[in-house]
Amino acid sequence: MIDHPISIRPFGVHAILMEWPIKVDEAILEDILQYSSYLKLECLDTKDWELVPAYNSLTLIQRNKSIVFEPFKVQLQTWYKERKESVKSDKYLWKLPVCYDLDFAIDLEEVAQTLKVSVAEVIHLHTSHVYTVFGIGFLPGFMYLGGLPEALEVPRRAEVRQKVEKGAVGLAAKQTGIYPQESPGGWHIIGNCSVPIFDAKREEPCLVNVGDKIQFYSISRAEYKLHKIEGEVGIYQFEKIKLDA
Amino acid sequence: MLKLLKSGFYTTLQDEGRFGYRHNGVPVSGVMDIWVVQNANRLLENDKNAAVLEITMTGPTLQFEQETFIVLAGAEMSATLNNQPISNYKVYQVGAGDILSYGRLVQGFRGYLAIKNGFKSKIILGSRSQYFPITTSGSLKDNDELEYDEVSIFNPKILELQTVSLVDEIVLEVTKGPEYELLDDMHLEKLFFKEFAVAKEYSRMGYQFEEKIQGHKISMLTSATLPGTVQITPAGKLIVLMKDGQTTGGYPRILQLSDKAICILAQKKFGDKISFKLV
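Heads up: the sequence lines are chains X and D, in that order. Those letters in the first sequence? Residues 6 to 250, per our numbering, in order. Those letters in the second sequence? Residues 228 to 506, per our numbering, in order.
What the hints contain is simulated information worked out from the structure, not anything from laboratory work. One or more hints might be untrue.
[As the list claims (entries may be wrong)] Cross-link-like lysine to aspartate or glutamate pairs, in silico, EDC-like; alpha carbons within 20 Å at most:
(1) D:Lys349 x X:Glu75
(2) D:Lys349 x X:Asp204
(3) X:Lys70 x D:Glu416
(4) D:Lys464 x X:Asp108
(5) D:Lys487 x D:Asp395
(6) D:Lys230 x D:Asp376
(7) D:Lys417 x D:Asp395
(8) D:Lys439 x D:Glu408
(9) X:Lys70 x D:Asp395
(10) D:Lys496 x D:Glu400
(11) X:Lys230 x X:Asp204
(12) D:Lys403 x X:Glu75
(13) X:Lys168 x D:Glu428
(14) X:Lys70 x D:Glu437
(15) X:Lys96 x X:Asp30
(16) D:Lys275 x X:Asp53
(17) D:Lys349 x X:Glu209
(18) X:Lys52 x D:Asp274
(19) X:Lys78 x D:Glu400
[To be verified] Beyond 10 Å from chain X on every Cβ pair, some chain D residues (computed):
(20) Ser364
(21) Asn370
(22) Thr449
All C-beta atoms, glycine included, are put in the ideal place defined by N, C-alpha and C.
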């Protein structure tokens, strides 16, 4: 296990920001997640603390009290040295169904033209890569996915749409992702994923965690409709594969 | 039940907020001006997490169906109980059929109605705070009904508080945000030596301002944000995230408002001026 250089800074009086080297890097993300699990299991009372990992950072937020920065910083450094490799939470590869039918994929033809490939090739590229969840935020259940092939990089749309459908699958620059609810959005929409990754009615509302992997597969309109109904009534069975750490 | 005969411009049910789900991207929500709500709940000897109505700009018309005790707090909104004017930070007994209505907004922007033992509603992910789509609706509508305890006997230890409001204040105390050091002198001068007027884009999610400061080309990896985080867009626009604000963001976080500053800003509306003071 390598000890990375970490910067620790106050972020208001209720939070502390820990930053690893500024890189989109799976090894760094893995170190953050291991340390975060160690803190939750052995160091911090999770009733009082929220831990938010994203890319190269971990933010620790205290619910009520103010943090006395200097001594707590030293404590965090000590915990980092003491962290154990054995503390790991399970990781999964989630296979998510996407309907690339042009009724949903309103920008798919334009994206194919921009990339100078066929629509089928865009779908093939999008479904043949495995993406890593580097963060969850922006909207409840929105996943920041890393690992988009260069061949799918298109600039953001010049104009932000006032309304993007729930489940819309978007592409923009080095990112792809799913809008978990209707919202304004500036990404190119190339499909729709109707399965409920986030559902506030569940005790654990978000199935996917930072560090998990995502792979999309293409489905027909009929399958899309079926999964949508299954999702709404709460019987959709997610396809997930446990990953060896 | 409390019946909302008219719901007003934007009335929501709020408690202290929804903790423990920010890693799922769920905003913390909760009352915007927690300072005045804590005082109102204290007068009623309530739990500090007791749910209250947050009433924005134009108030509702409400009818009580059982006896209880209430306290109003926050913005001055010319409230009347059965057509008699009533004031903030004072315990009032209400009876079945009584009507509480709101008039002209005199000062501040968000008023609160606290009730003995708090309003009851379904707790979702640990909180009653309304935030769509975590709760089925983002605000209360005409003819909605809210449950509360019938209370006929309550002898408050304190009947009334002198003014506890921060609505007159305009100076927001801030500490340095994580990306503060990326600012140059030109930015700093504008941040701390001028006033900012609230732009028309302001809500429970965030506040923007009319005045811009210098733009920038700083790019960073997405990282956590908090209520009170001041972000700067590449064009130099400032965005202060509030209680329903997103939990992560990719704009530099240059300042962080104190808890008190969040309460002060929560009472500001379009055109109101504020300034930042580094502490």
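Right, here's what the structure says about each hint:
{"no.": "1", "hint": "D:Lys349 x X:Glu75", "result": "violated, 41 Å"}
{"no.": "2", "hint": "D:Lys349 x X:Asp204", "result": "holds, 16 Å"}
{"no.": "3", "hint": "X:Lys70 x D:Glu416", "result": "violated, 32 Å"}
{"no.": "4", "hint": "D:Lys464 x X:Asp108", "result": "violated, 36 Å"}
{"no.": "5", "hint": "D:Lys487 x D:Asp395", "result": "holds, 13 Å"}
{"no.": "6", "hint": "D:Lys230 x D:Asp376", "result": "holds, 14 Å"}
{"no.": "7", "hint": "D:Lys417 x D:Asp395", "result": "violated, 23 Å"}
{"no.": "8", "hint": "D:Lys439 x D:Glu408", "result": "holds, 19 Å"}
{"no.": "9", "hint": "X:Lys70 x D:Asp395", "result": "violated, 27 Å"}
{"no.": "10", "hint": "D:Lys496 x D:Glu400", "result": "holds, 18 Å"}
{"no.": "11", "hint": "X:Lys230 x X:Asp204", "result": "holds, 18 Å"}
{"no.": "12", "hint": "D:Lys403 x X:Glu75", "result": "holds, 16 Å"}
{"no.": "13", "hint": "X:Lys168 x D:Glu428", "result": "holds, 18 Å"}
{"no.": "14", "hint": "X:Lys70 x D:Glu437", "result": "violated, 34 Å"}
{"no.": "15", "hint": "X:Lys96 x X:Asp30", "result": "holds, 17 Å"}
{"no.": "16", "hint": "D:Lys275 x X:Asp53", "result": "holds, 16 Å"}
{"no.": "17", "hint": "D:Lys349 x X:Glu209", "result": "holds, 17 Å"}
{"no.": "18", "hint": "X:Lys52 x D:Asp274", "result": "holds, 18 Å"}
{"no.": "19", "hint": "X:Lys78 x D:Glu400", "result": "violated, 24 Å"}
{"no.": "20", "hint": "Ser364", "result": "holds, 13 Å"}
{"no.": "21", "hint": "Asn370", "result": "holds, 24 Å"}
{"no.": "22", "hint": "Thr449", "result": "violated, 5 Å"}
When the structure is compared with the earlier hints, violations turn up for hints 1, 3, 4, 7, 9, 14, 19 and 22 and for no others.
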